[in-house]
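2 protein chains.
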Amino acid sequence: MTPSATPAYRRLSVEERRSQLLDAALGLFAHRAPEDVSLDDVAEAAGVSRPLVYRYFPGGKQQLYEAALRSAAEELQQCFDEAREGPLLPRLSRALDRYLAFVDQHDAGFSALLQGGSVVETSRTTAIVDGVRRSAAEHIYQHLGITGAGPRLRMTVRMWITAVEAASLIWLDEDKQPPAGELRDWLVDQFVAVLTVTAARDPQTAALVGALAEDGRD
Amino acid sequence: MTPSATPAYRRLSVEERRSQLLDAALGLFAHRAPEDVSLDDVAEAAGVSRPLVYRYFPGGKQQLYEAALRSAAEELQQCFDEAREGPLLPRLSRALDRYLAFVDQHDAGFSALLQGGSVVETSRTTAIVDGVRRSAAEHIYQHLGITGAGPRLRMTVRMWITAVEAASLIWLDEDKQPPAGELRDWLVDQFVAVLTVTAARDPQTAALVGALAEDGRD
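Line by line, the protein sequences are chains A and B.
Heads up: the first sequence is residues 1 to 218, going by UniProt numbering.
Heads up: the second sequence is residues 1 to 218, going by UniProt numbering.
Bound-form chain A, shown alone (with noise of 0.2 Å):
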């Protein structure tokens, strides 16, 4: 297969070449290992040449994996976008149904990332992961209106986004069960029963918990 024997190469712009070929890969490495996806299969995903794929990643499978990994963490950020109105929890609840509908769709891609001791696993690719953690405590914060969050706090939220990636690979692992909508629910309350534990050591999660509770009232 030469460029020329297919016009549509010559269609697409630089851009729109980069996102179809991390499209594929992004397709690819949903459902397999990273270690388990080579170039080839990328190219012909796209339906384009190997060299072509090289062209765009010079840096082979490892800058590839990257960039699919950026582009989906970014994905994975806009999950955590939601309107700052209405009661907290259940703003909660959207943000982790997208979220779970996410790993849905990722599947063996983020376990493969997130278990760790993968061959393309990098100080990169953890930087990456970390950065959504960062954001998605980030979001937390500012759905609860608080800017100063302290270390009791800070270290509540951390456990529980830990905790919510474990469950979601334990999910994976168990054929997706209980039911997304389940799960969910779940997660939020475990939420809310980490943040009392703390709140008896600690006033700002005190005051934040009633404000939750009063904020269930409405």
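Hints listed in this document are in silico derivations from the structure and should not be mistaken for laboratory results.
Among these hints, one or two may not hold up.
Heads up, the list lumps identical chains together, so a pair's fine if it works in one copy or across two of them.
Claimed, not checked - Once the Cα atoms are required to be at most 25 Å apart in a straight line, the calculated SDA-like pairs of lysine to any residue come out as: (1) K176 to I161; (2) K61 to D107; (3) K61 to R17; (4) K176 to R133; (5) K176 to P90; (6) K61 to T122; (7) K176 to P151; (8) K176 to D107; (9) K176 to S111; (10) K176 to P203; (11) K176 to Y141; (12) K176 to T162; (13) K61 to S123.
What you are looking at is a predicted structure, and each value in this text was computed from that prediction instead of being measured.
Guided by the hints, dock chain B onto chain A, whose structure is given.
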């Protein structure tokens, strides 16, 4: 430095020498990221020559790191050993005290390992860490007197174990604040809180939470 110049070389058995090198390596990995430890450093810390380190670990740093990690994993699993007598939550507290002392001692090495993205992280090192997590869960089930933990209870226990790991990393990041004793009580209270949330959805966990409440009254 030649072997004949240091008579101690011949006095140690193969096992003793191996164990001496592992101890030296663990001491270094505890306070620096694995990528910042060279075989020269290990040789120097153990007071032996670099070729000797290579003779015991012909696979170089990767092999030494994995052996040191396995040795640390065994030590960590010993933290979970606790007599099956007396009230349950104080048993959990004592195990957590030992665990936090381990985290305190192993510091940077513990962080590097769990945070991932280390150049020496492989699917083998990940499997060692997962083995410790499984062992922690098994110990919890044994103390709770549960033989066939259902999916809800398993997910809850695994989420809590992950949250404890996250708390340990944050704790190291935040200059070991709050003091270990306070962190331990906080983690135990979270354990009860998340079990209680699950109890509303799962009869097995509900029975357990009931038993824990009875247990506390003894």
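Quick rundown of the hints versus the structure:
| no. | hint | result |
| --- | --- | --- |
| 1 | K176 to I161 | both (19 Å within a copy, 21 Å between copies) |
| 2 | K61 to D107 | within (20 Å within a copy, 34 Å between copies) |
| 3 | K61 to R17 | within (17 Å within a copy, 42 Å between copies) |
| 4 | K176 to R133 | both (22 Å within a copy, 21 Å between copies) |
| 5 | K176 to P90 | within (22 Å within a copy, 35 Å between copies) |
| 6 | K61 to T122 | both (13 Å within a copy, 18 Å between copies) |
| 7 | K176 to P151 | between (34 Å within a copy, 11 Å between copies) |
| 8 | K176 to D107 | within (10 Å within a copy, 36 Å between copies) |
| 9 | K176 to S111 | within (13 Å within a copy, 30 Å between copies) |
| 10 | K176 to P203 | between (38 Å within a copy, 21 Å between copies) |
| 11 | K176 to Y141 | between (29 Å within a copy, 23 Å between copies) |
| 12 | K176 to T162 | both (18 Å within a copy, 19 Å between copies) |
| 13 | K61 to S123 | both (16 Å within a copy, 19 Å between copies) |
The structure agrees with every numbered hint stated previously.
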